[in-house]
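Q: The task is simple: from the sequences and hints, build the whole structure.
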Amino acid sequence: MSAALLSDSGAREAERFEALYRACAADLFAYVASLLRDRSAAEDVTALAFERAYRRRGLFEARRGSERAWLFAIARNAALDELRRRQRSSRLVGEIADDEPGFEADDELAERRLVVRRALATLEAREREVVLLKFVGRLSNSELARILKCSETAAGTRLHRAIVRLREACDVPQ
Amino acid sequence: MSRSELSPAASAELAALDAILAGEAVAEEHLELAALVDSVRAQAPAMGAASAQRIEARLAAARKPRRGRIALARPRLALAGGTAFALVVALAAVLGSGALGGGAGNAPQPLAPRSIPAGAGPALHSLARKPAAAFGAASGVTAATGSTAVGTPVAPTGGKATRPLPNTNPAGRLVARNASLTLATTPGQMQTVADEVVASTVRLGGIVESSSVDVHGMASYASFDLSVPSGKLPALIGALSSLAAVRALDQGTSDITNSYDAAAATLAEEKAQHAALVRSLAAATTLAEQQAIEAKLRALDTKIAASSHRVGLLVSRGHNALVALAIVPAQAAAGAGAGGPVNRALNDALAVLDVVLAIALVALAILLPTGLVVVGLWWSAVSLRQRSRERALAATR
Chain A
1 MSAALLSDSG AREAERFEAL YRACAADLFA YVASLLRDRS AAEDVTALAF ERAYRRRGLF
61 EARRGSERAW LFAIARNAAL DELRRRQRSS RLVGEIADDE PGFEADDELA ERRLVVRRAL
121 ATLEAREREV VLLKFVGRLS NSELARILKC SETAAGTRLH RAIVRLREAC DVPQ
Chain B
1 MSRSELSPAA SAELAALDAI LAGEAVAEEH LELAALVDSV RAQAPAMGAA SAQRIEARLA
61 AARKPRRGRI ALARPRLALA GGTAFALVVA LAAVLGSGAL GGGAGNAPQP LAPRSIPAGA
121 GPALHSLARK PAAAFGAASG VTAATGSTAV GTPVAPTGGK ATRPLPNTNP AGRLVARNAS
181 LTLATTPGQM QTVADEVVAS TVRLGGIVES SSVDVHGMAS YASFDLSVPS GKLPALIGAL
241 SSLAAVRALD QGTSDITNSY DAAAATLAEE KAQHAALVRS LAAATTLAEQ QAIEAKLRAL
301 DTKIAASSHR VGLLVSRGHN ALVALAIVPA QAAAGAGAGG PVNRALNDAL AVLDVVLAIA
361 LVALAILLPT GLVVVGLWWS AVSLRQRSRE RALAATR
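The listed protein sequences correspond, in order, to chains A and B. Under my numbering, read the first sequence as residues 1 to 174, first letter to last. Under my numbering, read the second sequence as residues 1 to 397, first letter to last.
Since the hints were derived computationally from the structure, they do not count as laboratory data. Check the hints yourself; a few may be wrong.
As the list claims (entries may be wrong) - Covered stretches of chain A, going by a simulated chain B footprint (3 or more residues, C-beta under 8 Å):
#1 23–29
#2 32–40
#3 69–83
#4 118–131
#5 155–166
As the list claims (entries may be wrong) - Some chain A residues close to chain B (C-beta under 7 Å, calculated; not the full set):
#6 A47
#7 F50
#8 F60
#9 E108
#10 R112
#11 C150
Glycine residues also receive a C-beta, built at the ideal position from the N, C-alpha and C atoms.
A: Structure representation (structure tokens):
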């Protein structure tokens with residue numbers, strides 16, 4: 001994806017924004033929904049993140065990272081704001097349901113998904129988040145560091161520790 | 001990528017993870033990690049067609065251009081607005097302070113008299129004491145200096161202090177007022193300014209007691225001794241100050257009531273003696289007696305004339321103020337009205353630069369602390385909000 005995707009103005013801007021949407025929307029929704037465990041709220045936050053990105057496209061600086069990382073940072077803030085609101089209203093959210101149940105034909109894969117989901121649920125929130133940002137968001141460690149506001153080394157250490165914990169939770173031998 | 005704090009195995013695993021996410025092939029030892037990545041990605045909720053439709057509908061609505069919306073990005077708009085506001089405030093402050101009127105370099109500025117603090121001012125001191133001392137020496141009576149006050153030099157740029165002298169002539173007191181003024185102008189303007197001095201003095205009901213104008217290039221010099229009704233002194237100083245740049249201004253007052261009372265008492269006593277001698281003369285029976293009385297009367301007449309003159313002088317000093325004016329040459333005093341068009345343009349340009357600099361300084365004085373406060377508040381708000389977000393994340397299970 002071009003780093004200058006959002007920087008141009010004019011008629012091609014909309015087309016480029018469409019490309020960004022197509023490239024990131026699914027992963028962004030997956031990340032947000034995993035954080036919030038609420039499909040409706042995830043839709044809102046995903047739409048809000050794209051809206052904000054569109055409004056603030058003039059502020060994007062390519063030298064500070066990719067547009068994908070910038071978008072995930074916006075989405076993260078929006079998702080955490082939603083979590084804050086939810087905590088203020090003491091709203092409880094259960095497990096998120098799949099949009100298309102029965103899609104998974106392979107029982108072994110379905111079982112594996114369930115194990116990983118439960119393992120993720122046992123992680124601390126910060127560990128779970130770094131795994132989601134890396135695995136779902138497919139961000140580099142430097143982009144992770146910028147979003148998590150820590151050094152790149154710290155981000156790598158935090159990520160590796162989370163992976164180790166996830167393996168343990170999944171009971172996968174290292 | 002720096003992973004100096006990670007073990008080699010951990011670094012290798014993170015490198016493999018990047019390769020997996022990029023869709024590249026990895027070594028067999030990392031296939032388990034690839035499966036874990038797949039599982040994590042697979043367990044994440046999929047967006048689905050319905051969700052995608054709803055999100056896209058919202059986005060389409062949000063991306064419609066809104067009428068009347070300012071195209072500038074908000075931070076830039078805020079910055080531009082803040083700067084404009086600060087400049088307006090600065091301009092208002094500069095205009096309010098009168099800096100625009102006082103920045104014309106050496107251009108003549110009207111300078112109204114101001115009250116003079118007590119202190120040493122040799123020029124005025126001598127001016128204030130000279131008549132009284134001369135009177136005292138001639139008559140043998142010491143002049144009362146009462147509330148004599150002397151002044152200090154006033155900066156040429158003077159400003160617009162228009163506060164009149166305090167009323168130094170309360171009921172029953174006779175007060176003499178004096179002023180010493182030094183103006184600076186170009187030699188070419190010296191005669192014109194001198195003519196204006198005379199005209200201004202006459203216009204205010206005063207007289208030029210003495211004058212001397214000598215125009216010889218930079219050695220030019222003019223001096224005046226002016227007398228005006230005491231009540232017109234502020235107006236005269238204001239008028240003179242508007243003729244050229246003011247280099248110095250001293251003012252003072254002297255209570256001469258005691259001197260006047262003493263002179264008047266002496267005069268009354270002498271007149272009483274005169275009346276008594278006249279009566280004696282009328283009663284004189286011999287020629288010798290008449291001649292002796294007439295001799296006394298002649299001597300007494302001389303004394304009475306002198307005393308009357310003395311009283312008249314004191315009354316005049318109480319009713320009229322004295323102004324000692326000096327006009328000196330000044331090369332740099334070529335202000336508006338003097339010199340050629342290039343000089344005038346240069347002075348105008350300097351004056352404009354002066355004002356611009358004043359505005360910039362005031363704007364900076366407003367912008368800098370305001371900006372620091374705003375940045376501090378903004379930073380605090382962002383930090384608090386981010387901390388609150390992190391707490392919200394940490395609180396989730």
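Q: Does each hint hold? Answer for all of them.
A: Structure-based check of all given hints:
Taking a C-beta to C-beta cut-off of 8 Å, the stretch 23–29 of chain A contributes 3 residues in contact with chain B, enough for the three needed, and the coverage statement holds. With 4 residues carrying a beta carbon less than 8 Å from a beta carbon of chain B, the stretch 32–40 of chain A meets the three-residue requirement, and the given coverage holds. A count of 4 residues in the stretch 69–83 of chain A with a Cβ less than 8 Å from any Cβ of chain B is obtained; the coverage claim is therefore met, three being the minimum. Chain B is given as covering the stretch 118–131 of chain A, and this holds because 7 residues of the stretch bring a CB closer than 8 Å to a CB of that chain, at least three being needed.
Here's how the stretch 155–166 of chain A fares: 6 of its residues keep a CB closer than 8 Å to some CB of chain B, so the rule of at least three is met and the hint holds. With a least beta-carbon distance of about 4 Å to chain B, the hint placing A47 of chain A at the interface is held under the 7 Å criterion. Hint status for F50 of chain A: holds, given a least beta-carbon distance of 5 Å to chain B, under 7 Å. At about 11 Å, the closest approach between the beta carbon of F60 of chain A and any beta carbon in chain B exceeds 7 Å, and the interface hint on this residue is violated.
Proximity of E108 of chain A to chain B is violated relative to the hint, the smallest CB-CB distance being about 11 Å (cut-off 7 Å). Annotation: interface hint on R112 of chain A holds; nearest CB of chain B at approximately 5 Å, less than 7 Å. Checking C150 of chain A against chain B by beta carbon gives a least distance of about 11 Å; that is not within 7 Å, so the hint is violated.
Of the numbered hints given earlier, the model fails hints 8, 9 and 11; all others are met.
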